[in-house]
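Visitor: Sequence order for the protein chains is X and G.
Residues in the first sequence are numbered consecutively from 1, following this note's numbering.
Residues in the second sequence are numbered consecutively from 420, following this note's numbering.
If you are wondering where the hints come from, they were derived from the structure by calculation, not from laboratory data.
Check each hint, because a few of them may be wrong.
[Claimed, not checked] In silico lysine-lysine, DSSO-like type, Cα no more than 27 Å apart, as pairs:
hint : chain 1 : residue 1 : chain 2 : residue 2
1    : X       : Lys175    : X       : Lys61
2    : G       : Lys635    : G       : Lys645
3    : G       : Lys580    : X       : Lys311
4    : G       : Lys663    : X       : Lys311
5    : G       : Lys645    : G       : Lys663
6    : X       : Lys40     : X       : Lys311
[As the list claims (entries may be wrong)] Residues from chain G that face chain X, not an exhaustive set, calculated with beta carbons under 10 Å:
hint : residue
7    : Gly484
8    : Ala485
9    : Arg486
10   : Ser487
11   : Ile491
12   : Lys580
13   : Pro720
14   : Ile752
15   : Thr753
16   : Arg772
[Claimed, not checked] Listed next, the stretches of chain X that the computed footprint assigns to chain G, with coverage defined by at least 3 CB atoms under 8 Å from CB atoms of chain G:
hint : stretch
17   : 155 to 168
18   : 376 to 390
Beta carbons are placed, not taken as given, at the ideal position from N, Cα and C, and that holds for glycine.
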Amino acid sequence: MMSLRILLSCLLLLLVPAISSASPKQDIAIRGGTVHTMAKQADGSWAAAIENGVVLIQDGKISAVGSASTVEIPDGTRVIEAAVVTPGLIDSRSVVGLAGWLNYDHDQDQLERSAPMQPELDPRDAYNVREPLIEWVRSLGVTTLHTGHAPGQLISGQTFIVKTRGDNVDQAVLKPDGMVVCTLGSSGFGNDGKSPGTRAKQMAMLRQEFIKAQTYLDKQAAAETDEEKDPPARDLRKEVMAKVLNRELPLMITAHGSVDIQNVLRLQRELGIRVVLEGASECYDFIEELKQQKISVIIHPTMMRASGKGKNASMETAEKLVAAGIQVAMGSGYESYVPKTRVVLWEAAIACAYGCSFADALGLITASSAELLGISDRVGSLEVGKDGDVALYDGDPFEYTTHCIGTIIEGVVVSDQTR
Amino acid sequence: MFSESDAWRRGRAITHVLILIIIGSTSSLLADSTAYIGALVMPVSGPAIEDGVLVVRDGKIESVGARSDVVIPSGATQIDCSGKTIIPGLICTHSHIGMGGGGDGSDPIQPECWTLDSINVRAASFERARAGGLTLVNQMPGSGHLISGRTTYLKLRRGGKIDDLLIKDADGWPMGGLKMANGTNSQRSAPFPGTRAKSASLVREAYIKAQEYQAKIEKAVDDPDKMPERDLRLEALVEALEGKRIVHHHTHRHDDILTVLRLRDEFGFQVVLHHVSDAWKVADEIAAAGAPCSIIVIDSPGGKLEARDIRMENGVVLENAGVNVSFHTDDWITDSRLFLRSAALGVRAGMSRAGALRALTLSGAEMLGLDERTGSLEPGKDADFAILDGDPFSVYTQVQETWVEGVQVFDRSNPEHLLFAVGGRGAGDDQTYQCCGERGGK
């Protein structure tokens with residue numbers, strides 16, 4: 001199996017040059033009236049925006065960023081102008097690509113309901129790279145999606161990270177390993193009376209599953225040291241759960257209510273695993289605990305419906321988490337009806353109107369999001385060496401009446417609509 | 420035994436007497452006027468007024484104009500509004516706050532059902548609507564029926580019971596429209612229609628019966644013995660036929676929109692087209708028909724097949740075609756607290772700012788037949804307005820205060836009100852008088 005994987009990697013390497021030559025990756029210089037680099041200074045604070053700045057993208061990577069007077073634009077470089085420039089936006093929790101816009105059975109692959117725990121489900125097998133919602137969010141500045149299986153089962157599968165481009169899933173993938181998706185609370189209860197039907201049952205089932213994964217790991221270890229012992233039969237489900245136990249993959253737990261968030265905190269303490277709390281509409285009551293246990297939060301979209309599990313949601317939660325120093329990003333979450341996806345640009349805008357500073361709000365969907373997702377070596381800020389992923393606007397990106405006028409991924413203009 | 424309507428009328432007569440007594444005893448208090456001074460006043464019925472003054476007396480607007488033109492009555496309470504913006508209270512032509520419902524699953528056509536029998540006016544969603552600057556909503560039943568029931572027009576006055584919020588017509592009757600729908604929402608298993616043609620056919624049959632009922636009543640004018648037994652179902656349809664009850668019609672696809680207009684022409688009811696996802700495809704036809712449109716702004720297209728082609732440009736396309744446009748929240752589809760945002764996104768897509776503000780206010784009032792009472796800041800109209808701290812179409816602007824008929828119903832500086840505006844622990848708790856779990860589920 002391992003050799004097959006290596007073989008596949010080699011094949012991919014052969015394919016990559018062909019793909020890049022197919023897409024026009026021209027050197028681009030972006031002149032921005034205001035360039036929000038979202039770079040951080042040594043003390044961790046946001047670097048000031050550059051007025052009259054230039055972002056130079058060569059061979060898909062950012063090769064220079066600075067004021068127009070300091071960055072020399074080589075001859076033959078395509079120059080694009082915009083009033084305001086930001087890094088390409090990152091939606092830190094989406095289901096787009098698995099969930100399609102039509103909301104009919106044939107385009108809804110985000111949730112398998114046949115069993116409560118199926119961590120083996122790999123989003124690469126379900127991601128529709130030609131889904132119109134991808135084009136929609138791309139035209140509103142989104143260049144990176146952390147997407148995959150939806151909340152709605154105790155463990156519904158995995159997520160991965162893609163760029164909003166490509167004609168096939170391999171061209172889109174930025175990071176094939178994302179997180180394992182877990183849902184606590186009533187929205188993770190089983191269908192048609194199936195377990196789990198209570199919160200206590202959810203926790204019991206999770207604990208038992210992790211015990212099984214630990215046994216699987218123990219057997220593997222025993223086989224390695226003792227030739228007499230056979231390794232356990234390969235089990236995709238246990239393999240994934242073992243990665244969570246080994247802290248290779250984070251468990252992203254969608255939880256909203258007070259009881260469910262307490263269960264997240266307890267589970268993390270019991271197992272010592274990496275946990276990312278997602279949704280978290282009532283997490284404002286547990287800020288100290290989250291900080292102490294170093295749990296990152298992908299906060300619900302600010303405009304989450306104020307009913308059901310979001311009935312006590314606050315538009316100020318993102319600001320409270322940022323102020324407490326908790327690692328926080330914002331995702332569009334999962335929508336079962338309309339809008340079929342939210343747009344993180346607009347969700348961060350409301351967070352900005354409700355307490356977040358401009359940079360902190362923009363950080364929720366750029367640099368902070370990249371850090372939380374472990375992709376900040378590639379994306380999230382406009383700094384030399386990072387991918388040339390940029391969003392362009394004709395004014396303050398958060399203003400309702402401002403338009404996104406262009407989106408660039410690795411030096412390729414992937415949207416030039418005014419939207 | 421007196422009929423239901425007799426009981427209603429008797430109750431109404433008593434109410435009238437009570438109102439007269441109340442007005443008589445408090446007229447000296449109510450006679451005091453309040454002047455809101457120094458704001459940018461956007462009356463909608465006319466150009467914006469810098470350094471404007473709005474004078475309110477007895478719940479009505481007494482005068483509006485520039486500070487230099489308006490005489491502030493002596494003894495008036497003066498409220499400094501400099502730096503603020505005053506706009507008419509927002510009107511949502513299609514809302515589900517309080518979760519009032521119409522018909523049940525027994526029949527696709529149930530015009531006898533009335534949302535006012537099911538609305539919880541103590542729901543948190545009412546508080547959120549006030550926080551969003553709304554002063555008037557058309558509370559609609561759902562779209563899962565061809566005719567799901569009668570809608571209820573509600574002023575967002577503070578009150579613990581539905582009667583406190585009703586709008587009455589000249590005869591004292593609670594006002595509302597009739598909710599109809601076509602397309603896929605109302606196509607279900609029998610007895611509901613399974614196709615579009617069947618949907619239209621069932622509606623035709625219902626209105627033909629209503630015409631017959633109407634004819635019988637007319638014949639019985641001189642001969643009471645021939646008066647048919649009262650039929651609540653047909654009564655509401657006759658009211659629609661007579662233009663006394665405006666039809667609010669859910670419709671998305673271009674051909675469904677034209678079907679609504681065809682049925683309207685066949686039977687002569689007055690219609691407002693709601694949602695109209697495909698409006699941009701048939702804007703000229705809608706304009707030629709003179710049908711107003713109540714539109715929604717959704718953050719991404721789709722969610723269902725027939726809303727696949729919805730565009731943010733619907734507002735500007737309809738505006739340019741000469742169609743009267745209003746926005747609606749469809750709350751909980753979109754949040755009433757952010758209703759201004761819907762129009763702002765309309766502006767983003769090309770709509771004029773004046774047109775977008777009108778679409779949140781006066782156009783909505785027109786579509787509910789209430790524009791003589793509200794929808795703009797004009798002398799004689801109800802003092803329904805919102806005070807903002809900035810440009811109505813900026814994300815950074817917040818609604819500071821909402822006033823209905825001269826009474827403040829939302830004040831951002833009041834922590835109890837702020838909780839509903841922002842959210843947080845307790846913000847979602849309805850002061851419910853309905854039992855738990857009524858909506859079922861988890």
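Visitor: Double-check Arg772 of chain G for me: the hint is only fine if its C-beta lies closer than 10 Å to a C-beta in chain X.
Guide: holds (9 Å)
Visitor: Hey, Lys635 of chain G versus Lys645 of chain G, does the alpha-carbon distance stay inside 27 Å?
Guide: holds (8 Å)
Visitor: May I ask you to test the interface hint for Pro720 of chain G with respect to chain X, counting a Cβ-Cβ separation under 10 Å as satisfied?
Guide: This hint holds: Pro720 of chain G lies near chain X, its Cβ roughly 6 Å from the closest one there, short of 10 Å.
Visitor: Quick check on the hint: Ser487 of chain G CB to chain X CB, less than 10 Å?
Guide: violated (31 Å)
Visitor: Measuring from the C-beta of Arg486 of chain G to each C-beta in chain X, is the shortest one below 10 Å?
Guide: violated (29 Å)
Visitor: Taken at face value, is the distance from the CA of Lys311 of chain X to the CA of Lys580 of chain G at most 27 Å?
Guide: holds (22 Å)
Visitor: Take the C-alpha atoms of Lys663 of chain G and Lys311 of chain X, compute the straight-line distance between them, and say whether it is at most 27 Å.
Guide: Given that 27 Å is the threshold and the Cα spacing comes to 38 Å, the pair is violated.
Visitor: Should the hint that Ala485 of chain G touches chain X count as held when the rule is a Cβ pair under 10 Å?
Guide: violated (27 Å)
Visitor: Given Gly484 of chain G was flagged as interface, is its beta-carbon under 10 Å from a beta-carbon of chain X?
Guide: At 28 Å from the nearest chain X Cβ, Gly484 of chain G fails the 10 Å test, so the hint is violated.
Visitor: Can the hint on Lys580 of chain G be confirmed by a CB-to-CB distance to chain X that is less than 10 Å?
Guide: violated (22 Å)
Visitor: At a Cβ distance under 8 Å, does chain G reach at least three residues of the stretch 155 to 168 of chain X?
Guide: Answer violated; 0 residues pass the 8 Å Cβ test.
Visitor: Need the status of pair Lys175 of chain X, Lys61 of chain X: alpha-carbon distance at most 27 Å?
Guide: Given pair Lys175 of chain X, Lys61 of chain X holds - Cα atoms ~17 Å apart, limit 27 Å.
Hint check: violations occur at hints 4, 6, 7, 8, 9, 10, 11, 12, 17 and 18; the rest are consistent with the structure.
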